[in-house]
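A.B. asks: Here are the chains, one letter per residue:
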Amino acid sequence: MTRATLFQPIFATILRDRRFGYVICTATFLQLALTLLRFPSWPCPIFHTLGIPCPGCGMTRATLFLVHGEWRQALTMHAFAPIVVLALALITVCTIAPRTRAEWIADRTEVVERYTGLTTLLLSGLILYWLARLLILQSAFVRLIQN
Amino acid sequence: MLGILGVVVWLGSIICFIMVLIKLFQDKGPLHGILGLICGLYTLIWGWMNADRLGIRNIMMIWSLLILINIILGFVGGFSFHLGTPSAP
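Just so you know, the protein sequences line up as chains A and B, in that order.
Take 372 as the starting number for the first sequence in my numbering and just add one per residue.
Take 6 as the starting number for the second sequence in my numbering and just add one per residue.
These are computed hints drawn from the structure, not numbers from a lab.
Honestly, I wouldn't trust all of these hints.
[Claimed, not checked] Here are the in silico distance ranges between beta carbons for each label pair:
hint: 1; chain 1: B; residue 1: V12; chain 2: A; residue 2: E441; range: 32 to 40 Å
hint: 2; chain 1: B; residue 1: I77; chain 2: A; residue 2: W475; range: 37 to 45 Å
hint: 3; chain 1: B; residue 1: V13; chain 2: A; residue 2: L446; range: 34 to 42 Å
hint: 4; chain 1: B; residue 1: D57; chain 2: A; residue 2: R443; range: 42 to 50 Å
hint: 5; chain 1: B; residue 1: I20; chain 2: A; residue 2: Q509; range: 24 to 32 Å
hint: 6; chain 1: A; residue 1: T487; chain 2: B; residue 2: I20; range: 34 to 42 Å
[What the hints assert, rightly or not] With a straight-line cut-off of 25 Å between C-alpha atoms, the simulated DMTMM-like cross-links for lysine to aspartate or glutamate are:
hint: 7; chain 1: B; residue 1: K33; chain 2: B; residue 2: D57
hint: 8; chain 1: B; residue 1: K33; chain 2: A; residue 2: E484
hint: 9; chain 1: B; residue 1: K33; chain 2: A; residue 2: D388
Predicted model, so just to flag it, every value in this text is computed and none were measured.
All C-beta atoms, glycine included, are put in the ideal place defined by N, C-alpha and C.
When you get a sec, could you build the whole thing from the sequences and use the hints?
C.D. replies: Following this line, the structure appears as structure tokens:
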């Protein structure tokens, strides 16, 4: 991977695509609502087929814990939940805000991504976090996701 | 019976997921691909929004149908028919 690939803006492209943002927000809030009401919702294809939790497993419940202010449980379920909530909030703002304001936010995000490679760092961190949970705490991790 | 059907639906679902994920890697690069791997919902939405351009409409329809069947089976089987595992990721 070249430097250009690593510092390529990813989140800014999502923020710029308002139609995509609208669908993402709708689907995510639907998922959260269904899980909150204990209805069947979007299931993880990897976990249900292979029995191995994926890097995002536990995120929905962690987000709901966060919404309820239960920080400890949220971070136990998934340490990246606060970042995902922040990202979701930004996507929602860019979807409903006036176009000029949304463009301003997307431009700033792109600058941060290009200079720091923040999204790449976060994605790499998420993969490392998943590998650590899978290799070191395997049975506890699977139990946590199953319960 | 419901369990076997569930396994078949899940196998079909993961095959479609992998096919769309490969398209995502090829079209948008490795970072978007990793994002799609982490968040299946992102892959599903991206797949539908680019279905015509990439010629994956049939795969998306099959995948969505399998997800719908799974959700219906989830209701029929008391919300947890699939091998005792939870319904939320």
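A.B. asks: Work down the list of hints and note, for each, if the structure agrees.
C.D. replies: Right, here's what the structure says about each hint:
Taking the beta carbon of each, B:V12 and A:E441 are about 34 Å apart, inside 32 to 40 Å as hinted. A beta carbon spacing of about 44 Å between B:I77 and A:W475 agrees with the range 37 to 45 Å that was offered as a hint. The hinted window of 34 to 42 Å between B:V13 and A:L446 holds, with their beta carbons roughly 37 Å apart. Checked against the given bound of 42 to 50 Å, the beta carbons of B:D57 and A:R443, roughly 46 Å apart, stay inside it.
Between B:I20 and A:Q509 the C-beta distance comes to about 26 Å, which sits within the given range of 24 to 32 Å. For the hinted restraint 34 to 42 Å between A:T487 and B:I20, the CB-CB distance of approximately 37 Å keeps it satisfied. Only pairs whose Cα atoms come within 25 Å are accepted, and B:K33 paired with B:D57 is accepted, the gap being roughly 16 Å. Proximity of B:K33 to A:E484 is assessed by CA-CA distance (about 16 Å); at most 25 Å being required, the pair is judged to hold.
At most 25 Å may separate the alpha-carbon atoms for a hinted pair to count; B:K33 and A:D388 meet this at roughly 14 Å.
The structure fails none of the hints (numbered hints given earlier).
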